[in-house]
Each structure stands twice: as C-alpha cells, then as structure tokens.
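The residues making up each chain are set out below.
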Amino acid sequence: MRPLTDEETKVMFEKLSKYIGENIKLLVDRPDGTYCFRLHHDRVYYISEKILKLATNISRGKLVSVGTCFGKFTKTQTFRLHITALDFLAPYAKYKVWVKPGAEQSFLYGNHIMKSGLGRITENTNKYQGIVVYSMADVPLGFGVAAKSTQECRKVDPMAIVALHQADVGEYIRNEDTLT
Amino acid sequence: MAACRIEDVLAEAEKDEAERLKNITVHKELDVEFDIGNLLAFDKNSINTREFKQQNKDEFFRSLARDNTQLLINEIWKLPSEKVEEVIVVKLPDPVTKLPREKPAPKPRPPTKWEQFAKLKGIQKKKKTNLVWDEVHKEWKRRWGYKRAKDDTKEWLIEVPENADPNEDQFAKRNQAKKERVAKNEFNRLKNIARAQKLEVPGVGLAPSAQQSKAELVKAVHVAKSSTASVGKFQERLPKEKPQRNTGKKRQFQPLIGDFAGEKQKQLEMLKLMESKSPRLDITKAVNKQMREEDSEASERRKGKKGRRGTAPGKGRRNALSGKGKGKGKGGPSKGKGRKPAMRQGKR
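Taken in order, these protein sequences are the chains called A and B. Just so we're aligned, residue 1 is where the first sequence starts under UniProt numbering, counting upward by one. Just so we're aligned, residue 1 is where the second sequence starts under UniProt numbering, counting upward by one.
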C-alpha cells in the first residue's frame, strides 16, 4: 500500500470529475475525519486514517481489501471505476439518469439503457457525460456514460441506446469473486 | 604519659587486627557457591527481610556485596599463587558455568553456483586417489599440480591439428587458453562471493563472450556512454537511438502514513488547477442550450396553432427551426456566418 503519485492522483481525479464534477473536494476535505486515497495491488482505496493505521499491521500479500475500492489502474495507467465506488458517486452525482422499472433488470444484467427504458434524465446532459443511474425510486443502480445528449434523447427512436453501461450493482453477484 | 600512650597504641593495634580479621572472615548460613573460572559467586542465602526493611537499602546491598566479594577473594587466595615480576599471580581453573555466546552462531556459507547445479542434477563428489601411475615415466605421480602425471605444459612437441592454421603457435594458444580459464574461474569465484553477500556483481553485462547478442551490445554501448566524468549526461545521442530501459532508477513514493494534512492540501490545489483549466464557455453545452430554447419555442408555437387544424403542422415547425420569428442572433449557424461578412463590409 502506498499513496498515489501526483500523476495517478490527477488521472483518478479526472475520471471522478466526469461523474461528480468539483464535488471531489467533498471527498478529499471531509469534516468527519481524515480520509485518503491509497494504492494497493493497482487498486485505489478510499480509507479513513484510522482504518489505514490499523491496516498497516497486515502484510501486503495478505491484505485483500481495505476501506472502499474506488477502481483500479490498468497496465496502461488509465483508471477504471468499480461499482464499489457507487456509494460515494451517487450522493454527489451531477448528471443522473432514472430508468423505468421495466428496464431496471435489463440494466442490472449489464445491458445499455435504451430510450424505451429511460424514465428521466438530468437537463442539459452532454453527450458522453458520465452519469449515475437510478431506479425510479431513487435507488442508485450503477453508472455509465450518456450516449446521447438530453436534447437528442427526445428525438431518437425507442430502441436507440441513450446511456452506455459501465457498472451496475448486479456485479456484486456476477463478479463476486473478483470484486474487492 | 608515654606508657599510657604505648598501651593505647597497642590496644588500638589489637583492635584494628581484630576488625581486619573480622572483615576477612564472613559467616554465612549456607555456603556460597563459586565458579572461580568466571570469577562468579552464587549466594543462596535468603535475605533477612526485617534487617532489609530497617536499614538503608543501598547500605544493605553494599555490605552484602562486600561480604560476598570477600568470600570470592578468599576462595581465589586458596589457589596456588606465584610471583611473576613482583606481582602475585593466580592461575584460574576452567570455568564451570556455560555462558551464552555473544554473537549469533555463524550462518552456513551459501552454496556456490556449481554447488547449486550439482545438487539440482544430483552430482556427487567422487574421491579420487592423489597419486596416479605415469606410463611414460614409469612411476607414481601426483594427479594435479607441480610434477604431475601427463603434464601437458611440459610437452616439447605439439601436433598441429588438421584444420588449424599451420603458422599458429600451438604453445602460445595453449597458454592463452589456460590463462583465460584461470581468469574465468577467478571471475566466477568473485561472483560467488558477491552473490553470497548479496552485492551487485560488477561488470556482469560486459563479460567477454564469443558471440555478443544485440542486447549485450546495446548494454555495452550504454555502459561506454555512461563511463564519462559526468556519467554520460552530456553525451550526444544518435538520431534514432532509444533511451535505455531498466536503468535501475527507482521511483520514490511518499510514506504510507505521513503528512495527511499536506496530502489533502496538495490534492485540493490540484483540483483547483483542474477546475481553472476547464473552459469557461462549454461550446457543446451552449449549443445544447440553444437547441433547447429553439425546441421550447417550437413547442409553444405549436400550442398556439393547435386551434387551427387546417394548416399543416410541419410547415409551422420548419419555420420555427429556421428561427424567423424572434431569434435574430439566435438563428441557425449557417445564417449567422453568412451575415458576418456583410456586417464587416458595412463597417468599412
């Protein structure tokens, strides 16, 4: 485990800012204690200082996970967000997409969101903007990328894809053994 | 008065003598055990707690230590002593008590490269006789070393091999080969030592080999380039030369548990910088906004026209999109562009 380098921090922040914009500040500067990002086995974990200090007792090979896994760095040093980060993305999300109850299951099985399944979308969402997906009951289901802007969404046919799937809470079951 | 004095002096002397004797003899309930070899004494007597509590504790310990030391010295005096250069010397017996060693026991020498290989292959050392029969001299000679049997350095004639250069000096060749074998062996020995002490083996990359591979040549070039006074800093590069990989430069990371406040400050500054870099006017966002306004206008117009069913709704929409009614500045991009040059002309 080690702190992120400046470059890694930048790459991660740029990715996070696609979903929560400048709200990253609220993750970095928290009134309820010191929280920090740490890299462990190429994965970025968001940990409170207290837990981090406890985790130092565990050797590197034996430590599976600590705090919340935000995502991982690929071999080419790009950052991929994991579904485990949803707990911190959902409250701060700037652009949201609500799916209709009928399309919920399809999304949770890893499919993209079609126009027909789109319940609501935040106004003036841009194309390729990072979005957080909610059910109509405001339960966060996952996140993805807007394939069409809000304006375009109004005109496209019902079978067109409006949001690209990136991660959903169904992964907790599908990828149970690899998720940390 | 003088006699009185003499008596006094005598009495005092007697007293002194008694005290000295008393000092030399120490009475103990249990005998103190000795290990004279280590100059050790074990006092197994229990401490008189009442006396210990009543007395000054330091004083008590001091007197106890003195008594026991006295016993130890008494014991030493019992040993046969001799005088060496006006000094009385006692030879101490061997120590009885076993003391733990000061340093940890030495570790076994790590196996050499050959030993590792032999173990892997199951090769075992065979004991050979030291002397062998020399057919030429008809006598027993050593297998190796000076005056050995079948000594190839002592040959007065060497047959030139069939495919060899006839002008080549076979004796020199043999000597050279021997020297190289010795050098190689020495190098291997040093490598074994370096490996055992976990040092980096110097110059491994440039060991001479018959056919140097591309990688070896590249390494040789880089070593040569960095062998300047400035460690190759000002060395020129060839046009398409690639920088060497794996130069052993190590990344330095911040400590895991270090300056949390500083880390936070740094990240916040980074966020500030990222925010300032993003453009003030997001073009796609502006275009989207524009499109939305147009759409809302169009829908309003449609609502207004709903009363009249006869007219084609398509027509009205088209009109709205082209932005004829309200939006002079907000017109379609092609229109705006077309207008621009005209305005300039007017200014001129």
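Among the hints, erroneous ones may be present.
[To be verified] Calculated lysine to any residue pairs in the SDA-like style (CA-CA distance at most 25 Å, straight line):
1) B:Lys272 <-> A:Lys115
2) B:Lys249 <-> A:Asp6
3) A:Lys94 <-> B:Pro279
4) A:Lys96 <-> B:Lys249
5) A:Lys115 <-> B:Lys285
6) B:Lys285 <-> A:Asp6
7) A:Lys75 <-> B:Lys285
8) A:Lys10 <-> B:Lys289
9) A:Lys15 <-> B:Lys249
10) A:Lys94 <-> B:Lys289
11) B:Lys272 <-> A:Lys75
12) B:Lys266 <-> A:Thr56
Rather than coming from a laboratory, the hints here were simulated on the basis of the structure. Values in this document were obtained by computation on a predicted structure and should not be read as measured data.
Verification of the hints:
A distance of roughly 36 Å separates the Cα atoms of Lys272 of chain B and Lys115 of chain A; the hinted pair therefore is violated under the 25 Å criterion. Distance check on the hinted pair: Lys249 of chain B and Asp6 of chain A sit about 18 Å apart at the alpha-carbon level, within 25 Å; holds. Restraint check for Lys94 of chain A and Pro279 of chain B: the C-alpha separation of about 18 Å stays at or below 25 Å, so the hint holds. With a C-alpha separation of about 45 Å, the suggested pair Lys96 of chain A and Lys249 of chain B falls outside the 25 Å cut-off, and the hint is violated.
About 21 Å separates the Cα atoms of Lys115 of chain A and Lys285 of chain B, which keeps this hinted pair within 25 Å; it holds. With a CA separation close to 30 Å, the supplied pair Lys285 of chain B and Asp6 of chain A exceeds the 25 Å bound. Restraint check for Lys75 of chain A and Lys285 of chain B: the C-alpha separation of about 34 Å exceeds 25 Å, so the hint is violated. The suggested pairing of Lys10 of chain A with Lys289 of chain B is violated, with an alpha-carbon distance near 30 Å, which exceeds 25 Å.
For a cut-off of 25 Å, the pair hint linking Lys15 of chain A to Lys249 of chain B is broken: about 29 Å separates their Cα positions. For the given pair, Lys94 of chain A sits about 17 Å from Lys289 of chain B by alpha-carbon distance, which is consistent with the 25 Å threshold. Proposed proximity of Lys272 of chain B and Lys75 of chain A is contradicted: the alpha carbons are some 28 Å apart, above 25 Å. For the suggested pair Lys266 of chain B and Thr56 of chain A, the alpha carbons sit about 23 Å apart, so the restraint of at most 25 Å is met.
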